[in-house]
Amino acid sequence: MSRKPVKNSLWADSWKQLRKNHAAIAGLIILIILITASALAPLLTPYSFEQQNLELGAVKPSLHHWLGTDTLGRDLFTRLLYGGRTSFLVGICATAVSLLIGVPYGAVSGYAGGKVDSVMMRIVDILYTMPFTILVIILMVVFGRNILLMFGAIGAIQWLVMARIIRGQVMALRKQAFVEAAIAIGASHPRIIFKHIIPNVLGIIIVYTTLTIPHVMLMETFLSFLGLGIQPPMSSWGLLIKDGASVMETYPWLLISPAIVFSVTLFSMNFLGDGLRDALDPRFSKGKF
Amino acid sequence: MNRFTFLAILLLLSGCAKRETPVETGNREKILHLGNLSEPKDLDPHVVTSVSAGNVISALLEGLVAEAPNDPSLKPVPGVAESWTVSDDRTVYTFRLRANAKWSNGDPVTADDFVFSYHRILSPAMGSPYAYMLHLLKNGRAYNLGTIPDFEQVGVKAIDSKTLELTLENPTASFLSQLKHWSWFPVHPPTILKYGRMDEIGTAWTQPGNFIGNGPFILKAWRQNQSIVVQKNPLYWDADTVSLNEIRFYPIGDHKIEERSFRAGQLHVTGTVPLDRVQYYRENKPELLRLDPYLRSYYYLLNVKKAPFNDVRVRKALAMAIDRKKIANFVTRSGEQPAYSFTPPFIGSYKPPMLFSTDVEAARKLLAEAGYPNGENFPATTLLYNTSDLHTRIAEVVQQMWKDNLGIDIELENVEWKVYQERRKNRLYDIARAEWVADFADPSSFLDVWLTDGGNNHAGWSSARYDDLLKQAASTDDSSEQNALYAQAETILIGEQPIIPLLFLPSKSLIQPSVKGWNPSILDHHPYKYIRLEE
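Line by line, the protein sequences are chains A and B.
Read in order, the letters of the first sequence correspond to residues 1 to 289 in our numbering.
Read in order, the letters of the second sequence correspond to residues 290 to 824 in our numbering.
Extracted from the complex, chain B is given alone in its bound form:
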């Protein structure tokens, strides 16, 4: 080795040793690097449905009420509204907006902005997937479905520029928690109208530079499939609380790559942890691993419009022949809980009914009654899922369990996420994997999915009695009575079994020790304004 090579290598080595990782730089400059799992399709709160978009939106916009930094009960705290009063019959809420709540261009946030926003999401022409959240409002549903053409009749009124009155169809105990969902967030009317009609979707208003928000951060850059960068908003009313200067959201869909980025010091917090790494972190670096209870239900959808799944006995047999404990303990192994109901057993005081258990004998009997003794003559069936290690592994295990326990041979089909979504929406499947993450901490966030006109009801199942019970529950203010109604509704749902509940998945993430204020939350919400980074 000659002298120059030696010197060059020395230089290279010293260079390597000194280089700071993005996490270290971030800790110093208060830049949070977040794994965000997927690229948001849009950042319009009235359009998006994905958790990854919701994460970014929660940094950019703020609703009437907000979330406290560390409160397991998830009690709503003042957001844009500094205070509110409720009428005696619990249907009229009057919100007093903060005088210092401003849009990021300096305009004050007014009650009229909220009226505009709710008008927008409820517009029939907009077809917003989350419009049903606002069906709580008086005549909200009727306007959204086009039966009332006049928005004046909907229960949204600006008393003056800083006073907003919301009138509900029925008293709803969970109303304030529902307000924390992004579908209730305001948008800046002049910006929307500058780039298109009020009810137009996909316009340029959500682009960096155009986006005007009222949240703790403003949109600085959006590089497709690379990152979304948001920066501290100096005009935010509570800017003093915000400690971070910048957040970068990385849409890393491959969990293994995300974990590798974390190890390389490129991410502060990951969106998830790869299936087989949980065990490793649990044993070797437990301080970096976070497994928290989460309102997330993993289940299989059955196409009830199609034989043999139009027979409830077949559906029940399939559900009973799966050993969920085995899957949780030996396959997924990340703190999953076996699910025998659609609603997790840890939402407030609601305890879902336990209507079935793993019972192979009973399952075989039901299947025989349905005309398929020992699985004979069972029609060719395909289990559809989107490509992912977790889904593949669970599907393979379930396939084997059905084969061993019922004699049914099903085929597996994995497809790309968009194809999967399309097929599920158009009900082009026999059995499909699915999951549901609650939008707010109330059983109705789960049970409303299966309403006859629920935007996410992909099973083709509907029950008038079920709809009715949920309607009653929504208008009940007494929580024990409400829980009883929810339980009745869930009894119908699980009794008819258009879905096969499998597991309740925890929220999994890897987190650098420098991140402070990232508290467990059953909604996996971590209000960014309270997050701090330590050097």
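Extracted from the complex, chain A is given alone in its bound form:
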């Protein structure tokens, strides 16, 4: 395990390396554009995402409706932008939930070691065996359907992976000199974990965050496909793809554009995530993982 001599800061160094990775930079730019467009949706389109125009019905892409309209005469471009809001929101919030649980859990487990570690990791193993879909369905039935719950449910599954990764990292760091030094001067355990260890695994956390977000967005799509996700008239990319798929033989444009936008987003995030991994964590570089 060799670290570069710290001349420049680690961050500046990483940024330099990331810039060399064209795919990652392209991904970053596309993501910024998509997120901005979604955030500014009301400014970019004269239509409302729920306003129906039944007389119009489904029409092909045109000057008035850049991506066409759906079967209820709603502008697809608008719905795509608003859907992006939902999808990004789900992605980011659910990932945040997974970080909030996973990072402290993994850090404590790795830091404590021994029996505590064994017990905590066995709990993770057990939770890991629970089927995701059934868990979500149960949560939906018990608590009713709402978008916050969905963030929670997805986050509650995703933290398991995060916890395992963080634990591994923390275990390695825990025997290092700076930790021993902190112990020697009498720092409390929480202080050591949160002040000294976690900042050192930040790189890994960022990498896995960028990889978790697309995963979570995909899960939302999957839930929407089962009819468990967002409820109409709200839109999300998952829902748009589902609706598009159901009429693809008659109105193909309703499937094509959401599918392209969603795939491009996933590609971008994965490229960015890979790039960040190479840049921040030299041990995993060169596509070994």
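A few of these clues could be false.
[Unchecked claim] Some, not all, of what chain A presents toward chain B, calculated at C-beta under 7 Å: (1) 52; (2) 57; (3) 125; (4) 231; (5) 233; (6) 247; (7) 250.
[Stated by the list, open to error] Take a look, some chain A residues computed to stay more than 12 Å from chain B by CB distance: (8) 31; (9) 39; (10) 124; (11) 146; (12) 254.
In case anyone wonders, no lab produced these hints; they're calculated from the structure.
Beta carbons are placed, not taken as given, at the ideal position from N, Cα and C, and that holds for glycine.
Once you've looked at the hints, dock chain B against the given chain A.
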């Protein structure tokens, strides 16, 4: 490309070109492939309620009277009974059973079999959902509810082995048409008793090999969620008329997959047509598309036990704020008719009253009177429906109409079919989508749903006056007087608005040109014994 690859491809191509589709094979071997929409829970005529089970049962069993092949008036024709007489007061029907009517094991079909069957469905312990159909019989209701413990007192009597006498509580004009419903079909007593008690449900008697029927077909195989296969019954009294050798029912719930199977030549007739494909077939292949009037009412149920739906003004406002014509013309677009009554306007001579229309101004006024001006403070409300494109789309449109017209924001909730049924039965909803398909061509088949003790009354609404009017109508023999009573009852129902009628849906299907004898029917019944396949 080397020579072998070339040869292999050639072989493959020629193989493809020659392969016959199931429909082509079926045409040759007289095997009818039918889309049947859902997997029947059971094939016991005294247990099932679904149309898909009814379809299979109509192939396996035959009642006293049957349906003619192509008769829009749906006049009953002789079935197991070759003739019948009616007493002067129109309460006693004496049926003469065919000498050659046999069960598929060779036993003769006797009057005692019918007595056993009616005893069975009326048994209180059985809890049959369709037992109310037999409440027409004298003391049938009392026995079914357990107030009379002695079945001897019910108006069913076997005079001799081939003569059955049915005594009605009151004269009922639609009695013979009601006999066509599967709840009146006979079951084979020794088979029932071999696999369980008389009033036991869910026993093995309906399994292939065990099932003994008296219909034109016998049950050959039942592969869960795959297909139900029935084969021509050589012992059926009218076997000469039956042209098909076999019918295969496929429970394809996904309409798009069903349509694809049809296109791939795997189905002769589909159970329905996907929402967005009707337009396509109408324009490109109209000869394959069938849209026929059907006694099917699509409506929203309101939970009248719950605020704010316990206020009739709210219910009326919701009903009046929906533009049904717009839904029919621009959303569903398959020949649906806007519904302002529960009963379709094309059952015989009955014309349902038109008590309201789309009137946004009046709706807003009513809602304001009820204490929700412009929808302010309207409690959180959820519209429940089972997952399907049609229901979702209609729900989204109605949601928008209520929002635009009344300022009410409701939420949509789609759930899986079984969950939906459970929630509806236990009234765990605010508003729920529902539909009703008539069991026989008479307004009472619709209106009886809302009787206080109607097995399918899921709205929690009841009215003694309504019950009374229907009771009177049931005992009236004069059809114009009867229609007047039905109209009065429906006026109460729609006036109180526990339901919001939306649309009358047609029966939709795709049908291969080789299928002959598949005639339009407002009950969507197509007696299989008359269906022929041409090569």
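Original post:
Is the shortest C-beta separation between residue 247(A) and chain B less than 7 Å?
Top reply: Result: holds, 5 Å to nearest chain B Cβ.
Subject >> residue 31(A) non-interfacial with respect to chain B [C-beta, more than 12 Å] >> reply: Correct as stated: the minimum Cβ-Cβ distance to chain B is 31 Å, above 12 Å.
**OP:** Decide, holds or violated, for the assertion that all CB atoms of chain B are farther than 12 Å from the CB of residue 254(A).
**Re:** Given that some Cβ of chain B is not farther than 12 Å from that of residue 254(A), nearest at about 10 Å, it is violated.
**OP:** Please verify that hint: residue 52(A), Cβ, nearest Cβ of chain B, below 7 Å or not.
**Re:** Since chain B brings a Cβ to about 5 Å from residue 52(A), closer than 7 Å, the hint holds.
Original post:
With 7 Å as the cut and Cβ atoms as the points, is residue 57(A) at the interface with chain B?
Top reply: holds (6 Å)
Original post:
Close enough to count: is the Cβ of residue 231(A) nearer than 7 Å to one in chain B?
Top reply: Constraint on residue 231(A) satisfied, holds at 5 Å.
Original post:
Against chain B, with CB atoms and a cut of 7 Å, does the hint on residue 250(A) hold up?
Top reply: Status holds, d = 4 Å.
Original post:
Would you say residue 39(A) is clear of chain B, with no C-beta pair closer than or equal to 12 Å?
Top reply: Given a closest Cβ separation of 24 Å, the condition holds.
Original post:
Going by Cβ atoms, does residue 146(A) stay more than 12 Å from chain B at every point?
Top reply: violated (9 Å)
Subject >> residue 125(A) as an interface hint toward chain B, with CB separation required under 7 Å >> reply: Violated, about 31 Å.
**OP:** Identify whether the interface hint at residue 233(A) stands, where standing means a beta carbon of chain B within less than 7 Å of its own.
**Re:** holds (6 Å)
Subject >> Beyond 12 Å from each Cβ of chain B, as asserted for residue 124(A) >> reply: Correct as stated: the minimum Cβ-Cβ distance to chain B is 31 Å, above 12 Å.
In this structure, the hints that do not hold are numbers 3, 11, 12, in rising order.
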